[in-house]
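S.K.: One-letter residues, chain by chain:
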Amino acid sequence: MFGLRLLWRDWRGGELGILAVSLVMAVAIVTGISLFAERLQKGLVAQSSHFLAADRVLQSPRPVTAVWLDQAEKIGLQQAQVLSFQSMVFVGDEMQLASIKAVSDHYPLLGQLERSEQAFTPGQRVEQGPAAGTVWLDSRLLPLLGTQVGESIYVGEAELQITGVVVNEPDRGGSFYGLGPRVLMHLDDIPATGVVQPGSRVQYRYLFAGEGKQLDRYGEWLAAKLGPSHQWLGLKDAQPRIALALDRAEQFLLLAGAMGVGLAGIAIALAARRYSERHYDYVAIMKSLGATSGTVMSIYTINLLLLALAATVIGCLLGWLIQSGFIYLLRDYFAIKTIPGISGRPFVVGAITALVCLLAFALPPLLALQGVSPLRVLRRDIAATKLSQGMSWGFGTVGIAGLMLWYSQDMTLTLIVMSGVALTFASVGGIAWYLLRGTTLPGMQAGSTLRLALASLRRRGMQNAVQVVIFSLSIMLLLMLSLVRTSLIDEWQLQLPEGTPNHFLLNVSAAETGAVASLLERNQLPSQPLYPMVRGRLTAINDRQVNTLVSKDDSARAQIDREINFSWAEQLPEGNVLVDGQWWLPGSSNAEMSIESRLAEKLDIVVGDTLHLQIGSEPLSATVSSIRQLDWDTMRPNFYMIFPPGLLKQYPATYISSFYLPAAKKTFLNTLLREFPTITVIEMDAVILQIRTIVNQVSSAIELVLALIVVSGLLVLVASVQASLDSRFQESAILRTLGAGRSLVLGSLVAEFTLLGLLAGLLAAGAAEVSVYSLQTFVLKMHYVPHPWVWLAGPLLGALLIGLAGYVTCRKVVNTPPVEVLRAL
Amino acid sequence: MIKADKIEKTVPTSEGTLCILKGIELEIKAGETVAIVGSSGSGKSTLLGLLAGLDVPSSGTITLGGRVITSLNEDQRAKVRAELVGFVFQTFQLLPSLTALENVMLPAELSGVAGARQLAEKYLQRVGLGHRLKHYPRQLSGGEQQRVAIARAFVSQPKILFADEPTGNLDTVTGARVIDLLFELNREEGTTLVLVTHEQRLSERCQRCLTLSAGAIVADQHRPLPAEGE
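Protein chains in written order, with our numbering: chain A, 406 to 1230; chain B, 1450 to 1679.
Derived by calculation from the structure, the hints in this document are not laboratory data. Just so we're clear, the structure is a prediction, and the values are computed from it rather than from any experiment. Backbone N, C-alpha and C define an ideal beta-carbon position, used for all residues, glycine too. Treat each hint with caution, since some may be false.
[Stated by the list, open to error] For the chain A half of the interface with chain B, some residues (derived, Cβ under 8 Å), not all of them:
id, residue
1, R414
2, E443
3, Y687
4, M691
5, K692
6, T697
7, P779
8, V782
The following block holds chain B by itself, in its conformation from the complex (with noise of 0.2 Å):
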């Protein structure tokens, strides 16, 4: 589903070149969970960013669905994305001028889906968030932001779902809650999902832990998949 071949990033700065990903080399099967972890600064998002197709590598191709997106420009990305791609954040990302509802509408709408209300209100009424669909960011708890995301996320069931820290804003118990909301929609929709994280429990969950240190991936964990709610 994912293949990167040989992906650098560098980018220029005051004192010189800086190398942020060197020799990336990766393949990631269609349903597969990966987590991809390191310290700070390790080039977990900046690797999650290129492989989503939101940048380009300095060097090097990506295959995402079977297409070379290294070769497209911006446009012809954002339509594999449109097709393939959802996303979860640490911060969210909701536009705060709109609904609930009107966010999970969004990426339907922009993709041209008809009956986008329909399956917002359906994803939302999956995530629990039935009640709340006039509700606007503000007015909802970080949780409660986080399941609309996630709603948002596979309103277009896409193929592969990428997340970036999604609990890294969210206490203990209610990233706890999303975490299991994530698999359990993960699991329905046989989607691809590909997270960065710092914390061990996500990483834990996914069948397959890369660890990344200095731009370059340092380990390759494959694990058997525990059974969920165990």
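Just chain A, with the same shape it has in the complex (with noise of 0.2 Å):
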């Protein structure tokens, strides 16, 4: 109950001030964080399920036993089925090759399927597909068949009626059976076509949704029973590029958070150090009126608990708003309807941060005042014991490197950015010590503002080096933070910039190539290159036979066990970099041929081997004389084999190539295949158009977490510069009353914080740099650049920022009268 009271006190008497708002700052910053993330993570996932129309999808070329759906039910999953072919459907004496996608009652379980009623005519959102006995078509498909809504189409032996186009299918992209224009029909209409007999080539698709738990403890029990032939597909293998985003987003926001409980922990030690200093009289004074060492630790650890308790309150409820705000602020983006609801787990984490930054950060330098004597009621200069700097900053270190390992759960990042603070801690000390340490000149220098700022900067040498130290760490948490930013954020614009082409040419003929590429050039849509393509099975690597071969990995297998395309080209292809061996002479026709990397390593392939292909019933011999690397992210054309032109020529070819076609010009395509009718069309501008949807997403979100962090960066300034503010009013006010003006010691103070953040931001961006090369090398796997404009940013930020933190805190010491300060010693 005292110990309720003095906290009160304490807060009225405005002594808690910085260290609770510290505290506030570091719950609200890991609760805003943690629930921003967490909203924003399960946000996108859901929007990105939406690519499988469903959690998890179970592909296969056959039905698959009723047993497992069964069991799929009794887990309590959400279930539908797609079933996927290419055949003719008719419309009088107009056919056409279609995409058909029968589909079951449910479906799609995710995402958004879109329906008009008119061809060319933006889509309405619809929960079900077309009843049975009805279809919906692809706008261009109309047209093309001479046909509209209301009237009749051939699938096979069965009719339907088409009564709307289908606008938008969630699942629509990646998918070989995405060739090809739309039909869109019911699975029960599937016996009456005829078109499906046992061995057909189709694809089963049976899509699942559920809770995470379900979803995992369905995939355990299938995984053991799936054959070659069956893949059992989440978002990854959905969408690699945006798997691959997300993945870094969330280390991105968990780094960030890392960062920003490292910064609102050195807060919280510093106004800690500077409250239990303000409080050894307090209890010296306590002590002598009777106070046991127990009551004074009793009533420090209670309040301490209290704080924690109001701390985590109030961070909580600030935390909220925090993400509130970025949710609001990012509405447009979220194109999801519902953002889904929130767990207690930020809250938790937010409560257990307040504790541990309280245990680590504050308890020690408090645990000092038990031992401050009561003698010094009487004699001032007695100090306290003070807990050995060591064993403090060992504290705060075991606090942070814990509290960031179990907030980013990953050991690496947590150990490169332990050692990047290591670093700068050991090489910044340095440095600053020996910059600063006190030499030559005697005397105060009074006698001009730079030159009282630069003998007060190395009077005080140690205590400089180490809030040099503090200040290069927030400064170099800072950089590092934005420059993984920037490389992230440019990274993602890079992959799929504007113009990036969004639809794919197949099957165009050798004698249709020249046409088609003038008609492209002639309606001003940037294409690559034609490629040619031929089909053909990998039957040997050396002597051994393939389907012998043990491989690495299941995926290399599912690659060899179908057809796989193969190319010739005389140059080696744009994008492409060669690793190992030679590319060929021009006008070669020797067997020789280059392979992609990845194949390549999966398969031990390697330069010199020979491998033996059957193309059609045709057998071909080639040796291994180059590997490749290559993108597959681009939207180019791209093969895993390529051969010398002469090699190749005799066997027949169709050409393939990719475009980037406005979203204006859509109808061109309709143009392109009344003219060339056996051309397929993969069109790839919905997923493109998503993939970036989501990337300025999360590209926004993490601009505003990094916004936070600058937050608790300036905190963090703030309660450094203040800590030293004491000793500064003592003396500032000798110098004003011994006659120095107000402007040479407020000059003076300003000139030394900018010099110290000078020199802070100049070591900071050493540090940054070493930190950002290992966190991209090891963590992010990017490929790291040097960033120079740091070197400059570096020292600038510094010199501002606290520079003016300075001005802002010291405007008080030269305000206050000189008696006054006097007075209170």
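Please assemble the complex out of the two chains, which come individually in their own frames, going by the hints.
M.R.: Here it is as structure tokens:
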């Protein structure tokens, strides 16, 4: 009870200010980021799951046993089925190769299915696919077949009524079966079509949706039963690019959160140290009045716990407001209708953060209070038996590292950040101490502002060195975060820049290549070259048959189990990089080939191996003469195996290309397909748009989080400047009593802090570069590029921020009448 | 009430051990008023600290209210202080974040006395500060601060009051008023008073005057108690 009153009096007396604010900030930042990250993550996962139209998909070339589906039913998963295949559709005499998708009642489980009444009009969201007996067609298909909504169409032997136009399906992108204009029908009509027979090239997709735990349970149950032709797909398999972007965004948010905690921790440690130092007299008086060490400790411990409780409540509330602000700011980006709910975890994270921060950062200095001698009431020069610096830093380091690890659940990330921090401590501390150590000039050098500042810097060499370390650390963390953010966003933007090819052309015959190229050119559509494509199988590597190979991973098996696209080229295609061997000489018709590096690695193929292939019924053998690396995400035609032109020319080839078609010119596809009806077009524009939207959302979120961390960085700076305020108060009062002008004193204080900031910023730039290099190389797996600008930005930022913080806090020093300061001493 | 037996106090310094107090023998009776005088560095404040149990001697024993405090640890001594001792300091030693009332309540609160507030108000009224209960130390003059300190010293109704240069930070007129107040209260409460002072005026009002020089008692003068207000 007494402790509570003391806490209240401390608060009212302004003693608790910075400590309480730092603590609240720590909790608010951690809770806010956790809440936001969780909601963002859930939201994005939910939105991204729409690429699958489900949370998980089981893909199979044949129907799966009913037992599997019954098990999913038992576990409580929602289910739907999709059957995809290609077939001719007919209206009167008109016919067209279409991509048929037959769906069950509950399709789609997730994501947006859009339908419109007329071709080429915006769609409306619908909950279900077409009813039995009806179909919805791709806009493009209506003019191609010369029909319209309301009329009928034949799919195989079944006559179905066209009742709408399918504008958008969530799971359209990427699949091979997405070739050709879409016909969406009901699964129940399939038997009537007579198209799907045993052995038909069809794809069954079983869609599942439910809670994460249910899905995992079912996935585990299923794993043992899956055959080589089955695929169990999650978001990562459906959209590896989005999964990667999300992974990195999550890591970034965690990193940012961890840094937020670290920064707030430093602020708390500084504030607690100051609080404790200001309480030495307090404790001495209490002890002289008969308080035991136990009473003192229980008072302060209870105070700390009460403070933690209050900070948790206020911080959580503030964290909630912060994330609400984020969600509000991002409301336009959140395409999802309902923002997902939240778990209690972020609040628990906040509460534990408050407790750990207090234990690790605030307890050591407060423990020192226990050792304050009551004799201090008679002799103020008696110092408290301080906890050793090493021990108190040790507490803090263990606290930060523990929180970071717990928070990010990532050992590598924690180790790198902590090493960065340790590096900053060691090198920056050493350099700062060397530069600032007390040297030659005697006296205060009170003649000029700058000389007074320089002398003051040197006089407090050790204290300033510690302060520079703290400044450097905050600036380093801020620079590090903004560097990682910049390269992250840049990389995302670079992956799919404006004008990225968004349509693939397949099945272009050799005779059509010139006409297709000139049609694209006439319509001013930027396109990739037309590459020849021959399909074949890999049968043996050297003398080993591939069907006897035990591959390192199943995905490689899947790749060699099916037909692979081969191509030929005189020159190494754009965007490909040779990593081993030699590209062939022009005009070569030797039996040699170039293989893609990841496939080569999976199958243990090296330069000099002989691969045996089968194209149609013809065997072909060639020696691997080079290995190429390429980026599959570029939306350009890419090939696993390329041969010299002479070698494949006798085989029948079709050509492939990709081009960029702006949304406004979408009807160009009709012109193209009318002129070249046998060509297949894969439309990737919807997928690219979705990826862009997500990348934009995540980028904005990251910028906001960075802003939050900047706030906690500033808090550290203010706390650190405040920490050195007491001795400055005294010095400035004496200087002013002795006749120094207000502007001289304030000027020298600001100059002192600016110089400290300049030095800290310079040292921070170095430490940030090293840390960013490690982070990008070891955690985010990104390509590292040096950032020369940080060497300028670091010192400038440091000088500006710390100079400003110094000015704001030190104004009080010169505005308080000297007599008041001296009287309080 | 207070008994010191062969007290020595030495401190280690860079130039060897420094002896601050040597062979102090002393007995103070209940209700006695004692002034400790001497030049700067003679060991007055050290002796006061030892007698009050704020510090321990290097050798010798001190008995306070019948208890040998030299054999107690800091926490046990704190309990003895809470029970027996009140303090008035040269620098007042008020807690800046507490109001006058809260400062006076503090010792009562620490020893868990019921009705701390009423008691504190009573003593503040007694020292003439009933109208400044809610004021913080920085809003009070030096004399007022010392009166708050006196109220705080008496609020726990101590058996012994230790005062270290109680007028050292005050001007003559204010100092005189504070001295009057201190002795008035002392008489009313029947407290044993031990004070350290430079001021002759103050030492003359005590029944007994101990003179310290270079860590030893060089004079112990008893004088007949002058009637208060003379």
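S.K.: Indicate, hint by hint, whether the structure satisfies it.
M.R.: Hints and how they fare:
Checking R414 of chain A against chain B: minimum C-beta separation of about 5 Å stays under 8 Å; hint holds. Look at E443 of chain A: its Cβ only gets to about 40 Å from chain B, farther than 8 Å, so that hint breaks. For Y687 of chain A, the interface hint holds, since its Cβ comes within 8 Å of a Cβ in chain B; the closest pair sits about 6 Å apart. Among the interface hints, the one on M691 of chain A holds; its C-beta lies about 7 Å from the nearest C-beta in chain B, closer than the 8 Å criterion.
Here the hint on K692 of chain A is kept, as its CB sits about 6 Å from the closest CB of chain B, short of 8 Å. Given hint, T697 of chain A at the interface with chain B, holds; its Cβ is 4 Å from that chain's nearest Cβ, closer than 8 Å. With a least beta-carbon distance of about 5 Å to chain B, the hint placing P779 of chain A at the interface is held under the 8 Å criterion. The interface hint given for V782 of chain A is met, as the beta carbon of that residue sits about 5 Å from the closest beta carbon of chain B, less than 8 Å.
Violated hint: 2 only; the structure is consistent with all others.
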